[in-house]
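*Asks:* Read off the chains here:
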Amino acid sequence: MSRFTIVNQGGNVDTLNIWDSDYRFMTIVWEHVPVGSGELVKLCREKLGWKKSTTYNAIRRMCEKGLIRNEDAVVSVVVPKEQVQMMESDAFLSRTFDGSLPQFLTAFLSGRALSSEEADEIKRLIDAHKEK
Amino acid sequence: MDVLETVLLKILDMSITASYVIMAVLLVRLLLKHAPKVFSYALWSVAAFRLVCPVSFSSVMSIFNIGTLPTPQSIEDAAIQPTVSTGNMATMPQTSVPPALTNGHETIAAEAQSADPMQTVLTVAAVLWCLGVAVMLTYSIISYLKIRNSVKQGVRFEDNVYECDGIQSPFVLGIIKPKIYIPFRMNEKERSCILCHERHHIRRFDHVIKPFAFVILTVYWFHPLVWLAYIFMCKDMEMSCDEKVISLLGTAAKQEYSLSLLSVGTNRRLPVAGPLFFGESDVKSRVKNVLCFKKPKVWAVMLAVTVCVAAAVACTANAQTDKAEEVSPMETPAITRTSPPVVGEPDAYDISGRYEFEENVYTNPLSSFFAVKGHMPYFDITDNALRIVDEEFDTVEKYAGTFAPADINEDDFEALFQNDIVVEGMMPDISVYKKCTQYAVFTDEYNRLEYSLYLMDDEVWLVSLNTDRVWSIYRLVKSGDISESTVGGADGPENVVTDGITLEICNGKDVRESVLLTDSEAQSAIQDIIAQYENVKERTTSVNIFQAGEYIRLINTDGRIYYVFHNAEEPQMQKMLDSHSLAALPQEHYEALFTLWESHINLPAMANVNFGDEKVSPLVYRASSAPAPQDIKDQIPYITVDGQDGSLLQVFIDGNIVHGRCEVFNADTLEQLELFEPSGLYQETIVAAMLKAAEPGQSFIIMMSVGYAKGNQIYGYTIVFGAKKIN
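Protein chains in written order, with the working numbering: chain X, 1 to 132; chain W, 133 to 859.
Calculated directly from the structure, the hints in this document are not laboratory data. Among these hints, one or two may not hold up.
As the list claims (entries may be wrong) - Facing chain X, a subset of chain W residues (Cβ under 7 Å, in silico):
| hint | residue |
| --- | --- |
| 1 | Asn281 |
| 2 | Lys284 |
| 3 | Gln285 |
| 4 | Val293 |
| 5 | Asp297 |
| 6 | Met318 |
| 7 | Gln387 |
| 8 | Ser390 |
| 9 | Leu394 |
| 10 | Lys416 |
| 11 | Ala536 |
| 12 | Tyr753 |
| 13 | Arg754 |
As the list claims (entries may be wrong) - Straight-line C-alpha distance at most 25 Å; calculated DSS-like pairs for lysine-lysine:
| hint | chain 1 | residue 1 | chain 2 | residue 2 |
| --- | --- | --- | --- | --- |
| 14 | X | Lys65 | X | Lys47 |
| 15 | W | Lys420 | W | Lys321 |
| 16 | W | Lys567 | X | Lys52 |
| 17 | W | Lys420 | X | Lys65 |
| 18 | W | Lys284 | X | Lys42 |
To be verified - Quick list of the computed label-pair ranges, beta carbon to beta carbon:
| hint | chain 1 | residue 1 | chain 2 | residue 2 | range |
| --- | --- | --- | --- | --- | --- |
| 19 | X | Glu46 | W | Asp543 | 27 to 37 Å |
| 20 | X | Glu39 | W | Glu809 | 36 to 46 Å |
| 21 | X | Ala128 | W | Ile273 | 24 to 34 Å |
C-beta atoms are modelled at their ideal positions from N, C-alpha and C, and glycine is treated no differently.
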């Protein structure tokens with residue numbers, strides 16, 4: 001999950017959470033706006049490897065978030081790029097295990113998540129390693 | 133014995149054989165502890181073979197020659213005769229059941245007197261086994277769908293590598309076209325290490341092997357050793373892959389690579405490693421393995437290979453006995469293995485194909501064209517374009533398509549007509565459709581919107597747009613797939629071969645009349661004429677029908693189309709038709725064909741004119757030979773028109789409603805008052821309005837020219853009736 005900061009004209013700051021992939025999508029929209037949704041499908045196929053339905057889903061989601069507008073199959077932006085700043089991601093901070101499948105299955109099939117102690121131990125192991 | 137139970141017995145049989153093989157592989161694996169892991173990985177194929185293949189070859193080298201071990205044959209016997217107890221079958225369902233069986237003996241015996249108790253046990257076991265398989269499959273399908281859903285919005289990084297939200301460690305997904313998914317924002321070093329690793333998986337077909345192994349596990353779900361084998365196989369797969377990467381990147385990359393493993397390992401939150409894709413298993417042992425990995429010495433590799441091959445042969449082969457032949461024959465069908473679940477994303481409704489005009493839903497009042505079934509171009513819809521293919525005139529119009537399905541409601545639909553004079557009852561009523569979708573729009577080369585495609589429940593509507601108004605709406609039906617060869621080409625027959633020659637007259641009044649000539653006399657007369665055409669040149673390839681005026685179109689039995697123009701010899705026509713050889717033929721051919729046609733055309737069985745409660749039977753003539761009003765004025769039947777009457781004027785032929793070009797005359801002076809050319813606003817509607825607005829006491833004669841398609845013929849009629857305004 002990425003964090004957007006939107007600076008309104010009034011100088012207010014809004015924070016909005018969107019996925020990294022949505023941000024990539026928005027980058028394309030900003031670059032080509034105003035753009036026909038069909039054209040956008042084509043662009044997303046080329047640049048992101050997306051299917052038509054994926055692009056339409058993204059258009060819908062971004063409309064719901066109020067970042068873009070889709071009228072008569074033409075996509076235009078509500079929030080211009082200049083008003084937006086990308087914040088640092090917290091994607092790599094979470095270490096909790098919240099698997100929904102039975103513990104034994106996950107342990108069996110994929111090993112379990114490392115605790116931070118274990119991670120530190122492995123880190124020490126790597127650091128101490130010298131090629132003989 | 134039930135098929136299911138036979139299969140289960142065979143599975144149990146094979147699982148016991150495989151048990152020894154798995155134990156042997158685990159042992160050899162210990163011996164190969166310091167050898168490259170790829171050998172351990174390869175050894176698992178022997179276990180897989182034993183678990184999959186019901187027959188094998190015999191060898192003295194087989195581990196099954198060891199006296200104490202039961203051969204596959206004796207185990208099968210054991211399964212059928214519960215009296216033989218085999219201690220190491222404790223995990224097998226059938227050995228755990230006999231005590232229970234003794235307790236419930238009376239009940240079972242009462243239920244099925246002649247039933248073998250073992251049979252009942254087997255049935256229960258078979259059901260249990262099936263349940264287990266179902267659970268395993270469900271689990272893998274769910275986890276596959278889950279992961280698949282979470283990577284749907286992955287963003288292409290390069291080639292088959294996608295960056296993806298919501299995943300913490302990289303994996304490979306897909307069997308035919310495997311894709312690598314990695315989390316966003318990996319640093320470049322980590323990423324290149326990880327990609328090297330995942331690509332090697334794909335190169336080695338691990339992405340196929342792992343689901344295959346899981347399918348085996350699904351079948352042998354009850355067998356702890358198979359689970360153990362699966363887990364160790366996955367471990368060996370990952371470690372051997374790690375080793376390969378290290379030997380590719382060089383030992384200097386060890387630390388970097390280990391850090392990459394650690395990085396993706398510490399961030400795991402979701403249990404990514406379902407059966408069908410790769411997760412990072414057991415980071416610590418993998419890191420250790422990577423750090424300790426050295427390029428193996430040649431002798432070590434040789435030794436490892438020897439051990440592997442020996443182990444493989446020993447485990448694969450059956451015991452060599454005198455009864456070797458009896459071991460192999462299969463009395464049971466092999467297990468039907470389910471292929472790994474590959475669940476496709478639901479594709480968009482496949483609309484592409486060749487469409488034909490089926491019905492006119494709406495035509496704009498200002499349109500001068502009225503569509504007739506059977507005489508319309510094809511509509512080819514591809515996944516990015518609309519092509520309108522007119523085979524008659526060898527023309528193809530192409531429009532670029534944008535597919536943006538959007539539901540529409542009645543208000544949206546009505547908005548399309550806001551620029552038009554809408555006559556009540558003409559606008560299509562879409563409230564009868566449950567689901568209305570604007571599926572695609574098509575634009576011309578100047579990016580002007582020309583057509584849009586609607587899906588109305590299961591109907592396909594093509595809406596023709598012209599300067600922001602709806603020009604027409606056709607209901608289309610799919611007639612097949614798009615074939616590239618259907619367009620153009622003067623030499624091949626284009627139409628379906630018929631047993632007659634179609635002769636069609638266009639009289640210049642937008643009415644065409646056609647007749648199918650089947651009698652041999654008429655046919656040979658036409659063939660004589662055609663023979664002369666053939667001498668001149670190929671048939672015409674393109675002609676502007678509106679400039680051509682009167683002409684005859686001829687479709688030969690072989691499907692070839694010919695045109696003969698009425699006034700081809702006039703200088704004006706000569707100039708226009710210069711490039712079309714057929715036009716150069718003498719007038720006499722036109723007349724000969726016309727005479728032939730005239731002698732074959734028929735009149736309809738019945739024509740009616742309704743105007744409210746008024747009904748008359750009008751005079752009916754062929755369109756091309758209708759008399760002038762003054763010659764028939766005494767025979768014309770009249771309807772009376774009441775100014776208050778709000779009802780419609782309707783004309784029927786053979787019970788079918790028809791529309792067409794209307795001429796209105798003053799009944800007294802026979803002066804032509806109006807000429808209403810064909811258009812989407814039915815001319816009789818305009819006539820009715822005119823009659824209603826007339827002064828009381830006025831009388832009119834209405835001559836209506838209609839095209840009427842019936843079977844493969846088109847008839848052109850002139851229908852004549854009168855109208856008197858009464859108040």
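*Asks:* Verify the interface restraint on Leu394 of chain W: the C-beta must sit less than 7 Å from at least one C-beta of chain X.
*Replies:* holds, 5 Å
*Asks:* A range of 36 to 46 Å was offered for this pair. Does it hold for the Cβ distance of Glu39 of chain X and Glu809 of chain W?
*Replies:* Given range 36 to 46 Å: holds, Cβ gap about 40 Å.
*Asks:* Given the proposed pairing of Lys420 of chain W with Lys321 of chain W, does the C-alpha separation stay at or below 25 Å?
*Replies:* Holds - the C-alpha atoms of Lys321 of chain W and Lys420 of chain W are around 20 Å apart, at most 25 Å.
*Asks:* Going straight from one Cα to the other, do Lys284 of chain W and Lys42 of chain X come out at no more than 25 Å?
*Replies:* holds, 17 Å
*Asks:* Double-check Ala536 of chain W for me: the hint is only fine if its C-beta lies closer than 7 Å to a C-beta in chain X.
*Replies:* Hint holds; Ala536 of chain W Cβ to chain X Cβ min 5 Å, cut 7 Å.
*Asks:* A closest beta-carbon separation below 7 Å is what the hint needs, so does Gln387 of chain W meet it against chain X?
*Replies:* Given a least distance of 6 Å, the restraint on Gln387 of chain W holds.
*Asks:* Measuring from the C-beta of Gln285 of chain W to each C-beta in chain X, is the shortest one below 7 Å?
*Replies:* OK, holds: Gln285 of chain W within 7 Å of chain X, min 5 Å.
*Asks:* Does the closest beta carbon of chain X sit nearer than 7 Å to the beta carbon of Tyr753 of chain W?
*Replies:* Since chain X brings no Cβ nearer than about 50 Å to Tyr753 of chain W, farther than 7 Å, the hint is violated.
*Asks:* Would you check whether Lys284 of chain W satisfies its interface hint, that is, whether its CB is within less than 7 Å of any CB in chain X?
*Replies:* Holds, about 6 Å.
*Asks:* Mind checking the CB of Arg754 of chain W against every CB in chain X and telling me if the closest is under 7 Å?
*Replies:* Where the cut-off is 7 Å and the nearest Cβ of chain X is about 49 Å from Arg754 of chain W, the hint is violated.
*Asks:* Hint check: is the beta carbon of Asp297 of chain W less than 7 Å from a beta carbon of chain X?
*Replies:* Asp297 of chain W check passes; min Cβ-Cβ to chain X is 4 Å, inside 7 Å.
*Asks:* How about Val293 of chain W: closest beta carbon in chain X under 7 Å, or not?
*Replies:* Cβ of Val293 of chain W sits 10 Å from chain X, so the hint is violated.
The structure shown violates the earlier hints numbered 1, 4, 6, 12, 13, 17, 21.
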